[in-house]
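Enquirer: For reference, the chains in residue letters:
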Amino acid sequence: MNKKDVIICRCEDVTLEELHNLMKEGYTSFEEIKRILRVGMGSCQGNTCGQLIQRELANFTNTPINKVVTHKVRPLFAGVKLKSIVKALDDES
Amino acid sequence: MKKIDLVIIGGGPAGLSAAKMAAESGLSSLIIERNFKIGGQLVKQTHMFFGSEKQYAKTRGIDIAKILVNDVLKYSDMIEIMTGTTVVGLYKDKVVTLLKDEKYIKVKTKAIIIATGASEKVLAFEKNDLPGIYGAGAVQTLMNVHGVLPGHNVVMVGSGNIGLIVSYQLIQAGVNVLCVLEASSEIGGYKVHASKLKRLGVDIKTSHSIKKAIGKDYLERIIIGKLDDKWEFIEGSEEELIVDALCISVGLSPLSNLLSMIGTEMKYVSYLGGLVPLIDENYETSIENVFVAGDVCGVEEASSAIVEGYLTGLVVAKKLGYIHPNYDKLYLDFKAQLHNLRSGPFGEKLRRGLEEIMR
Amino acid sequence: MKANIVIVGAGISGVSIAYNLAKKGVKDIVVFDDNYLSGGATGRCGAGIRQQWGTKNNCILAKKSVEFFEIAQEELQYPRDIEFKQEGYLVIATTKEEDLQFVKNVKLQNSLGIPAVVLTPKEAAKIVPHLNLDIVTSATFCPTDGHLNPFTVTDAYYLAAKRLGVKFFYQEKVLNIIVKDNKIIKVITENYEVITNKVVNAAGGYSKEIGDMVGIDIPVYSENHEILVTEPIEKIQGPMVISFSLNIYCQQVPHGSFIMGRSDPNMPQGYNVDASWHFLDEMAKTAVNLLPPIGDLRVIRQWGGLYNLSPDRQPIISDVKELPGFYLACGFSGHGFMFAPMTGLLLSEIILGEKTTVDTTDLHIDRFKNSDFKDYEKSVV
Amino acid sequence: MLNTNGVPDKKQIFSRFPDKKYILKPKAITECYEEIPCNPCSTSCPFDAIYIGEDINTAPIVDFEKCTGCGICVYNCPGLAIFIVQELDNENARFKIPYELIPLPIKGETWSGVNRAGEVITKVLIEKVSLTEKQDKTALIQVLVPIEFINDFITIRSKL
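Protein chains in written order, with our numbering: chain A, 13 to 105; chain B, 17 to 375; chain C, 426 to 806; chain D, 470 to 629.
Since the hints were derived computationally from the structure, they do not count as laboratory data. Beta carbons: idealized from backbone N, C-alpha and C, even for Gly. Any given hint could turn out to be false.
[Said to hold, decoys possible] With a straight-line Cα cutoff of 35 Å, these simulated DSBU-like cross-link-like pairs (lysine-lysine) come out: (1) B:K53 - B:K82; (2) C:K660 - B:K119; (3) B:K18 - A:K99; (4) B:K221 - D:K479; (5) D:K606 - B:K70; (6) A:K95 - C:K547; (7) B:K242 - A:K36; (8) B:K82 - D:K603; (9) B:K18 - B:K82; (10) C:K660 - A:K36; (11) A:K84 - B:K246.
[Stated by the list, open to error] Across the chosen pairs, the derived CB separations fall in these ranges: (12) A:D102 - B:G163: 40 to 46 Å; (13) C:G450 - A:H32: 32 to 38 Å; (14) B:V164 - A:N14: 27 to 33 Å; (15) D:D605 - B:M374: 35 to 41 Å.
[What the hints assert, rightly or not] Coverage of chain B stretches by chain D, computed from C-beta distances (three or more under 8 Å per stretch; other residues unrestricted): (16) 57 to 68; (17) 203 to 212; (18) 215 to 224; (19) 353 to 362.
Make the full structure from the sequences, and use the hints.
Expert: Right, dumping it as structure tokens:
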């Protein structure tokens with residue numbers, strides 16, 4: 013398989029090859045991989061890549077998938093313009 | 017900041033039923049729906065549903081949506097509906113932040129029912145980002161909502177009920193479905209759906225999967241292959257197919273991000289499709305007054321989602337002091353319906369999964 | 426397991442201390458962290474590197490640290506990019522009082538070799554054109570301040586230390602430190618017991634708890650500070666823009682996103698790192714007021730992290746007279762990331778009994794024994 | 470094999486056909502081999518001829534004494550898994566099948582007859598096409614099928 017052509021994270025354009033290389037280096041938790049490859053930090057917040065990476069980690073570390081901890085979900089669920097937040101405040105007062 | 021006693025996140029079958037039952041009990045609510053129409057996935061389901069009469073069996077999904085929407089509209093004085101609105105933040109002090117168009121809205125509430133449903137799983141294969149590769153849900157939206165064909169020659173990946181049903185709908189739309197690929201050694205969905213496809217000449221290839229997509233700017237061909245019992249491709253089994261669309265339907269996973277965001281206790285349960293919240297017998301999560309209903313706490317059929325919606329709507333209302341005149345009778349009935357829907361062999365994995373998340 | 430030294434915490438301070446000790450030839454160094462690589466304050470920080478401080482100690486620590494960051498990529502032989510970009514910090518004054526204070530600060534900074542300058546609002550606008558000049562009274566600018574990627578630089582230190590033989594244990598919480606006859610004898614973690622007589626407390630937000638394990642009361646507390654990040658856009662802002670009076674820092678990182686943070690004066694002390702809607706409100710208001718065009722950017726994520734605050738907002742890098750073998754690297758008050766090279770160097774010197782590169786008297790925990798300590802750092806967001 | 474390609478085997482098929490004596494009149498054949506939570510066939514039958522009971526996961530059982538072959542269950546089955554069959558004479562069988570594709574056949578046309586594996590096995594004559602509002606978009610097609618295909622014919626495909 014040409015791992016360069018397998019897209020894992022669309023937001024940050026991360027391929028399976030990059031993921032596997034990092035796992036081979038010893039980074040075998042989602043949070044570590046996220047910090048280096050930026051997976052899960054894009055605008056979809058790991059919605060798509062999350063489960064793919066979870067599966068790859070389970071295979072690589074030989075761990076049942078339910079034991080592979082996935083990424084932390086943080087607000088916001090969709091991008092909000094800073095000025096929209098300000099506008100809402102202005103409307104309140 | 018806007019104040020309302022109950023916020024229901026998701027205007028699909030679970031959310032709508034919850035709102036209706038809460039309203040019947042006397043509790044007002046606000047439904048937040050990301051799409052521009054309420055009804056959830058039902059609005060693109062042109063097939064008849066299974067189940068029993070109480071869950072509108074034999075009615076087409078699109079018509080079940082109409083029934084549920086009408087039920088809610090009858091309570092327009094008690095149920096506020098915000099469509100085209102995304103929940104962007106969910107905070108522990110029960111403030112829900114919303115985005116509608118570019119407008120940011122903060123809502124303070126006492127109780128939340130999260131009925132966000134599920135999202136489609138994706139597959140990692142070569143060139144999986146080529147235009148022409150769709151999720152089954154997107155194909156349904158294109159075809160059944162917008163009347164647009166995804167392609168002329170399509171291969172479906174996945175033989176669960178959705179894969180089988182969408183393949184049938186593709187044929188109904190005049191699309192040539194070359195085959196359905198199933199990685200496992202057996203068909204995943206109901207066999208009645210499989211038989212329906214097979215008699216229309218569609219091959220269902222078990223122990224097969226997509227190996228690679230080929231195309232310059234868009235999908236032109238695919239390579240499929242046979243899998244061994246470890247789900248590895250068997251060398252030499254490759255086959256090239258000329259397609260202009262590939263439809264991926266390899267399962268759903270609960271859309272539980274908002275629950276993670278607010279910090280409810282969660283567990284990964286494969287039988288339920290992924291990460292789900294721990295719940296009690298009334299679908300209340302580890303955070304008081306945060307409830308779940310529908311696929312978000314385990315992927316099932318719309319029929320169960322509807323009943324779970326009714327149940328949570330009933331229970332939330334009671335917790336906030338609005339007791340339905342028929343509370344006891346309804347409560348038992350909803351419980352019995354859920355039991356009935358899940359008691360067969362197809363419900364076995366689900367039953368085991370649900371046991372795992374009971375707190 | 427036996428260890429010469431156990432380091433509690435593998436954030437930027439812990440990995441730097443480990444690296445510096447190992448480089449000096451210390452064997453059997455073990456580092457425990459109850460999280461994953463940069464899972465604590467380091468990975469949650471604002472990623473800025475600043476030398477424009479109001480106290481001498483902070484200025485020196487920052488300047489010497491920058492000197493290291495300039496060569497860190499090669500020194501640590503790191504294959505990925507640590508993204509050290511020196512595009513400056515523009516410190517905004519908005520009051521007469523700040524104008525005066527900043528002139529003093531720059532004088533101090535210059536005297537220590539930090540190339541900061543005082544600017545008029547117009548001059549500041551040449552550096553960051555989208556500033557709202559209506560609220561700027563003056564500014565200072567240091568071109569050698571900048572940005573550094575917290576994840577990769579921590580990773581770089583970690584890999585370099587590992588190559589030198591340091592053993593790291595992640596997801597391994599230190600449960601207790603056993604002291605006998607005023608001597609450390611053992612560190613107990615979830616899965617290990619380590620015989621050692623030296624422990625470094627680099628536990629960031631949790632350093633007070635580590636101190637409590639050995640009966641040393643460290644006068645620090647933790648507090649949640651929140652941050653947000655926007656979608657990436659084309660580059661429009663080089664330097665970090667920071668204002669103490671407005672309570673904001675805001676930088677466009679090389680990836681294109683804007684990272685910005687502020688503190689909440691009403692935040693209770695504790696270990697909560699939740700994100701709040703309230704922060705979003707205040708942050709948006711402050712940022713759009715100071716840098717109006719960024720109002721069009723979309724916030725995509727927000728999070729919190731712990732500041733470990735010391736009484737004078739300067740770090741504690743020292744031994745502990747009451748308990749030989751116990752060393753502190755804590756109380757960084759939100760700036761442990763940018764001081765890390767010096768934290769590692771100085772503490773390694775202290776542990777090995779070497780003459781320290783700079784005078785560390787004022788970094789010693791004992792400075793808090795007098796209620797009126799010398800300096801208080803006001804340049805903190 | 471039903472589980473691997475969606476085609477029931479002969480044994481399964483025969484298990485749903487009644488005694489020959491019943492088939493001289495139109496009877497419903499329920500090709501629903503799994504226990505799935507579903508019961509519209511039973512609840513829609515005006516003659517109480519299809520039994521499922523309290524547990525909706527039970528596979529339907531047709532009481533061929535009561536079944537009149539009216540065809541209501543055919544378009545009420547969400548799985549399109551029911552058809553009506555009648556042994557008309559020595560030459561022909563008459564089927565009523567559900568059909569949801571367009572174009573619909575027209576009375577008098579000859580179409581290909583297809584078996585459960587999707588293979589064309591014969592020609593069939595379209596006798597009647599009904600699509601009332603009650604049928605909710607599932608048409609009922611009455612076709613004449615050569616008697617030798619009584620256990621093989623399942624649907625129609627393309628006009629000849």
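Enquirer: Can you name, in rising order, the numbers of the hints this structure does not satisfy?
Expert: none
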